[in-house]
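Enquirer: Residue numbers (the working numbering), protein chains in the order written: chain A, 33 to 329; chain B, 27 to 296.
Rather than coming from a laboratory, the hints here were simulated on the basis of the structure.
Possibly wrong hints are sitting among the right ones.
[Stated by the list, open to error] Listed below are several chain A residues computed to face chain B (Cβ distance under 8 angstroms; list not exhaustive):
id	residue
1	41
2	44
3	48
4	50
5	54
6	66
7	116
8	117
9	121
10	122
11	124
12	146
13	154
14	187
15	253
All residues carry an ideal CB built from backbone N, CA and C; glycine is no exception.
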Amino acid sequence: MNASNKPVNQKAWFLILPVLVCVAFSAILPLMTVVNYSVQDIISPERRVFVGTEWFAAIMRDEELHGALWRQLKFSFAVLALEIPLGILLALSMPAQGWKSSLALVVVSLSLLIPWNVVGTIWQIFGRTDIGLMGAALQGMGIEYSYTGNALHAWLTVLLMDVWHWTPLVALLGYAGLRSIPDAYYQAASIDGASKFDVFRYVQLPKMRGVLMIAVLLRFMDSFMIYTEPFVLTGGGPGNSTTFLSQFLTQKAVGQFDLGPAAAFSLIYFLIILLMCFILYNWMQRVGTQTKEVGHA
Amino acid sequence: MHKPKFQKRSLFMLAYVVFALLPIYWMINMSFKTNNEIVAGFSLLPNHFTWDNYKTILSDVAWYSGYINSLIYVGINTVISLCVALPAAYAFSRYSFLGDKHVFFWLLTNRMTPPAVFLLPFFQLYTSVGLMDTHIAVALAHLLFNVPLAVWILEGFMSGIPREIDETAYIDGYTFPRFFIRIFIPLIKAGVGVAAFFCFMFSWVELLLARTLTSVNAKPIAATMTRTVSAAGMDWATLAAAGVLTIVPGAIVIWFVRNYIAKGFAMGRV
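Chain A on its own, in the form it takes in the complex (with noise of 0.2 angstroms):
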């Protein structure tokens, strides 16, 4: 959203009232309620005792909860790194036009639909040694593999099982964004004798900006709160290596019924989920703008 020459129109507010009752009803009243465990001891849904912020204190000192977020912000940014170079890569590769376009699409986004807990399964019976392609290939290979019993192993597992999962959306997203570019720009970089890269750095890139923050984003926020496929895959084993910020939560409000610990925790998690968009985005259009100007430099 550029807000650069836009009428002022404060009736515009009736147009946006209906997602606003939409998103209010499912997003305040919750939020709320989380915001009223995280100062309560609950004992029982009876006795509740008020505790202040004791719940935020004992969280920031919890040693396990650093190891979680620790790990959440390893797996995050690993995430990104293989994710998004991976995807644009895969959207420049795209066919762009004719039935192999149609059909490259429809390869592309399957993963995107299928389930949570269903991939899971996949790469839970794929990655098995005994009756699965991947683990057996890769014993067949010599190699000692185990999900189970391995921490490395399962975190690449589950590294690997994202980004065959959601590098299609970067790739999509990024797709679209290319089929955008009018061809006067690629006639323009081939008449000033413009490179393949240069094309690329230069014309591709600054076109892909949009599409590439909605992409990267998406991305951030959804696997810092991944949940239902290590869970499926790993159960957040062996020991803690696959248990992130989100399972961790879990264990703790739905394992332990520690709802006023939990619930305080939960909104610490919103909080750096929401800081490090506003970093992200921030960031992105600052990149984006100086791009645009060594661009016409």
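Given the coordinates of chain A, assemble chain B onto it according to the supplied hints.
Expert: Just chain B now, with coordinates in the frame of chain A:
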């Protein structure tokens, strides 16, 4: 100089397609085997080809009602998402008003709430309004992450349409609703297609909320599948067949919107 580059890219594309399809191939392969054969050992093709797993699913109410339930709430969700997101996206793309940027960012933040702890409040909220175990409940809950995304995508498409078109229509005597439905929506048909695809996709694959808000009457297919996993003795074959069938509706939807994605985004957020 042009040629070899192109071939390198085709090669990469081919490699990716193989990578993308291998896990799916393995699931399809398993869905045509019997349980005994799956557990007995490794084979690239089913030795005793069977349709039984699919027959089980298509003849058992407990299984196929899951697909119907999922399709119903996903359909309701997609329609509501688009209906409320269209006018809002128009407002964001055409006018500036008090707090517009803040509202836009607030909408996006709704995609960032970690679900785990929010499940209980959701459960309480929908119980108190008497919507538990209905398709509407899941559809409404999924609005939380689909509406912001639909607004975001549609706003991009709408910003690509020159404002002169609106002004000309108003001069010609069109009222806003008539202009919006007759002229504007057909112009951003592609955007509507893309937004619909994303709404469909995210609602179809979501499990936690859908499972929490339903028990019997509106139980989604993904939840039906988790019950099989926890049952004594894994029914891998049926599970694989059910998994294959979950891909089908989505694959049909993507086939219909493929041209919109290919050409449509042309006017989109770029």
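Enquirer: Run every hint past the structure and note whether it holds.
Expert: Against the structure, the hints come out as follows:
Because the smallest distance between the Cβ of residue 41 of chain A and any Cβ of chain B comes to about 4 angstroms, under 8 angstroms, the interface hint for this residue holds. Because the beta carbon of residue 44 of chain A sits about 4 angstroms from the nearest beta carbon in chain B, less than 8 angstroms, this interface hint is met. Interface restraint check: residue 48 of chain A against chain B, minimum CB-CB distance 4 angstroms, threshold 8 angstroms, status holds. With 8 angstroms as the threshold, the beta carbon of residue 50 of chain A comes within range of chain B, its nearest partner Cβ sitting at about 4 angstroms, so the hint holds.
Given the 8 angstroms rule on beta carbons, the hint for residue 54 of chain A holds: about 5 angstroms separates it from the nearest Cβ of chain B. At a threshold of 8 angstroms, the smallest CB-CB gap from residue 66 of chain A to chain B is about 6 angstroms, leaving the interface hint in force. The restraint placing residue 116 of chain A at the interface with chain B is violated, with a minimum CB-CB distance near 15 angstroms, outside the 8 angstroms limit. At a threshold of 8 angstroms, the smallest CB-CB gap from residue 117 of chain A to chain B is about 12 angstroms, leaving the interface hint violated.
Proximity of residue 121 of chain A to chain B holds as hinted, the smallest CB-CB distance being about 7 angstroms (cut-off 8 angstroms). Among the interface hints, the one on residue 122 of chain A holds; its C-beta lies about 6 angstroms from the nearest C-beta in chain B, closer than the 8 angstroms criterion. Evaluation of the residue 124 of chain A hint against chain B yields a held restraint, the C-beta minimum of about 7 angstroms falling below 8 angstroms. Restraint check, residue 146 of chain A versus chain B: the minimum CB separation of about 6 angstroms is within 8 angstroms; hint holds.
The interface hint given for residue 154 of chain A is met, as the beta carbon of that residue sits about 5 angstroms from the closest beta carbon of chain B, less than 8 angstroms. Hint status for residue 187 of chain A relative to chain B: violated, with the closest Cβ pair at about 18 angstroms, above 8 angstroms. For residue 253 of chain A, the interface hint holds, since its Cβ comes within 8 angstroms of a Cβ in chain B; the closest pair sits about 5 angstroms apart.
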